[in-house]
Amino acid sequence: MNRYMAKEKLKKPRRKLFHRHKQLNRSTAGNTLIFTFMIICGCFMALPLVMIVNNALKPLDEIFQYPPKIFVRNPSLDNFTDLFVSMNDTWVPFSRYIANTIIITGGGTIGHVLIASLAAYPLAKHNFPGKKTLFSMVVLSLMFSWTVTQIPIYMIVSYLHINNTYWALILTAWQYGLGLYLMKQFMEQLPNSLMESARLDGASEFRVFWSIVMPNVKPAWLTLAIFQFQSMWGNTGATYLRSEQLKPMQYALLQIQGGGAARAGAAQAVTFVLAAVPVIFFLICQSNILETMTSSGMKD
Amino acid sequence: MDNLEKAKHEWTLKKRIYRARYSYIMLAPYFILFFLFTILPVLASIVLSFTYFNMLEAPQFIGWDNYVKLFLQDDIFLIALKNTLLFAVITGPISYLMCLLFAWIINEFKGKVRAFLTLIFYAPSICGQAYLVWSLILSSDRYGYLNGFLIRWGIIDEPILWFQTEAYVLPCLMIVQLWLSLGTGFLSFIAGLQTVDKSLYEAAAMDGVKNRWQELWYVTLPAMKPQLMFGAVMQITNSFAVSDVSIQLAGNPSVNYAGATIVTHLLDYGTYRFEMGYASAIATVLFLLMVVSNKLVQRLLRRVGE
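Taken in order, these protein sequences are the chains called A and B.
Quick note, the first sequence lines up with residues 25 to 324 if you use my numbering.
Quick note, the second sequence lines up with residues 35 to 340 if you use my numbering.
By construction, these hints were calculated from the structure, which means they are not laboratory data.
Some hints could be false.
Interface residues of chain B toward chain A, partial, derived using beta-carbon atoms under 10 Å [to be verified]:
1. Leu70
2. Trp98
3. Ala201
4. Tyr202
5. Pro205
6. Ile224
7. Pro260
8. Leu300
9. Leu301
10. Arg337
Predicted model only: the values in this text are computed from it and were never measured.
Beta carbons: idealized from backbone N, C-alpha and C, even for Gly.
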């Protein structure tokens with residue numbers, strides 16, 4: 025197998041950039057046009073990333089420079105040194121904040137992906153009374169403005185006595201409608217024969233879900249993980265968490281950022297860190313999406 | 035006889051429910067939480083929309099008053115409604131097509147290049163620095179990049195006050211909104227294109243599909259219909275709910291409410307004036323608008339590939 029692949033590579037070393045699974049011709053002119061178009065748009069789209077990196081490397085005098093420049097002239101890592109100094113005199117040890125983030129962001133993301141997928145499977149592939157109603161409720165709920173539901177949610181959280189615990193953030197995040205909708209749409213595409221053969225072999229529905237359905241919709245749940253991670257990461261927990269010991273790292277970082285002009289350098293480093301974590305997570309998920317699809321010759 | 039029919043139906047319903055018990059067990063964890071933290075709050079908000087509620091005193095029932103006031107007395111709401119519909123009609127479809135187009139182009143690339151390109155185009159959605167970038171570009175003095183360029187080329191003599199001139203506010207916001215549009219829908223298209231069965235393309239080529247546009251319309255799009263539906267709902271929720279961009283760039287209230295949208299209006303009442311009943315009425319109207327447009331869009335999407 026390996027030797028075969030090596031041969032393939034030797035034979036066609038130029039086929040790395042495009043993958044031509046299709047038999048259709050792509051004209052050179054068309055490709056050039058698309059490339060140029062992508063580069064122009066890409067420059068605009070990349071601006072926020074470029075700015076964050078450059079600002080993080082700017083020494084203080086360049087941060088306060090007016091008019092502001094996008095690119096840094098004398099890059100330095102002083103801002104990060106400032107940030108580390110500030111991280112040492114937070115209310116509770118900074119490692120505690122990091123642990124909280126792992127619990128809240130990690131738990132919120134993994135749990136949501138699991139239970140939303142688990143619920144999406146019967147909605148996509150089973151027949152039972154109430155199926156349509158449940159599904160359309162989820163889709164419709166996406167259209168209701170969350171600003172006005174915040175107060176009722178807060179009251180329910182208090183009523184359940186989970187205020188000021190991790191659960192307040194995690195449980196409210198596990199039930200987002202977007203995840204269920206996304207997973208259901210992808211599972212719907214799977215051919216029924218895929219599941220049928222597993223059932224004939226005596227697999228339970230949970231087993232079918234776990235070892236047939238989930239591996240085949242890996243692009244979907246990796247994408248969902250990106251969305252959920254981002255929304256958990258953006259949630260500083262200020263509404264539900266009062267104890268400093270429970271607050272996530274993002275909250276502590278924003279506190280440092282809000283330190284005014286004296287911490288302007290550290291603030292830029294904070295912006296960098298706050299953006300870098302989801303970007304890294306994004307890249308890990310995105311490159312995995314690709315690997316699965318090229319390695320498995322799924323679908324019948 | 036009638037009773038017999040009824041009993042029969044009930045029995046089969048019970049039987050159907052019993053036979054689907056595993057489905058319900060799988061649904062349970064999600065839907066219990068969903069009822070608690072979404073359905074109940076939404077119903078509560080709809081009930082609140084018929085009350086006067088200032089978040090300090092108990093809500094007072096006032097019937098349809100909020101809705102009457104909204105449509106008959108609140109001029110700003112009508113401006114906001116007009117602006118929101120403009121966003122929905124103009125940026126909505128363009129954003130949707132952009133998501134599709136860019137996802138489709140990126141799908142031609144491979145490996146690290148592909149992940150990197152996806153990141154670049156998704157960057158505005160992941161970084162949250164959009165406002166900073168655009169306030170640099172559209173700054174109202176001559177140091178703003180756009181003003182600087184226009185002055186250098188001799189098109190204008192004086193810097194234009196982009197977000198302080200009524201006529202420019204909405205177009206500027208729309209451009210920023212378009213720039214921000216490669217978000218949820220875009221990523222789901224990227225993932226959806228990955229799951230399209232590759233053998234379909236070969237079969238289509240044999241069936242005489244000639245160019246990539248035909249391939250897109252007859253093979254790719256029909257194969258990813260579920261994702262198209264998902265993307266459409268996301269697009270509707272996004273373009274009807276434009277607010278952050280407007281508040282950060284044009285302010286709330288903006289000049290002569292030129293940048294007001296339904297959600298900025300809602301935030302005005304909900305978070306500054308603490309009139310939760312009225313804010314809930316606005317949210318309910320917005321909800322109905324989205325539901326109707328969703329129905330229309332879903333009907334359109336059913337025609338894809340025909």
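Please verify that hint: Arg337(B), Cβ, nearest Cβ of chain A, below 10 Å or not. 18 Å, violated
Chain A contact restraint on Ile224(B) - CB to CB distance below 10 Å: 8 Å, holds
Report holds or violated for the interface hint on Leu300(B), using the least CB-CB distance to chain A and a cut-off of 10 Å. 6 Å, holds
Tyr202(B) as chain A interface residue, shortest Cβ-Cβ below 10 Å: The hint is violated - Tyr202(B) has no Cβ within 10 Å of chain A, the shortest such distance being about 19 Å.
Hint validation: Ala201(B) versus chain A, beta carbon distance must be below 10 Å. Holds or violated? Ala201(B) check fails; min Cβ-Cβ to chain A is 24 Å, beyond 10 Å.
Interface hint for Pro205(B), Cβ within 10 Å of any Cβ on chain A: Violated - the Cβ of Pro205(B) stays beyond 10 Å from chain A, reaching only about 17 Å at its closest.
Does the closest beta carbon of chain A sit nearer than 10 Å to the beta carbon of Pro260(B)? Holds, because the Cβ-Cβ distance from Pro260(B) to chain A comes to roughly 4 Å (cut-off 10 Å).
Closer than 10 Å between Cβ atoms is the bar; does Trp98(B) clear it against chain A? Give me holds or violated. Status violated, d = 18 Å.
Hint check: 10 Å Cβ-Cβ cutoff, Leu70(B) to chain A: Because about 6 Å separates Leu70(B) from the closest Cβ in chain A, which is inside the 10 Å limit, the hint holds.
Under 10 Å, Cβ to Cβ, is where Leu301(B) needs to be relative to chain A, so tell me if that hint holds or is violated. 6 Å, holds
Of the numbered hints stated above, those contradicted by the structure are hints 2, 3, 4, 5 and 10, listed in ascending order.
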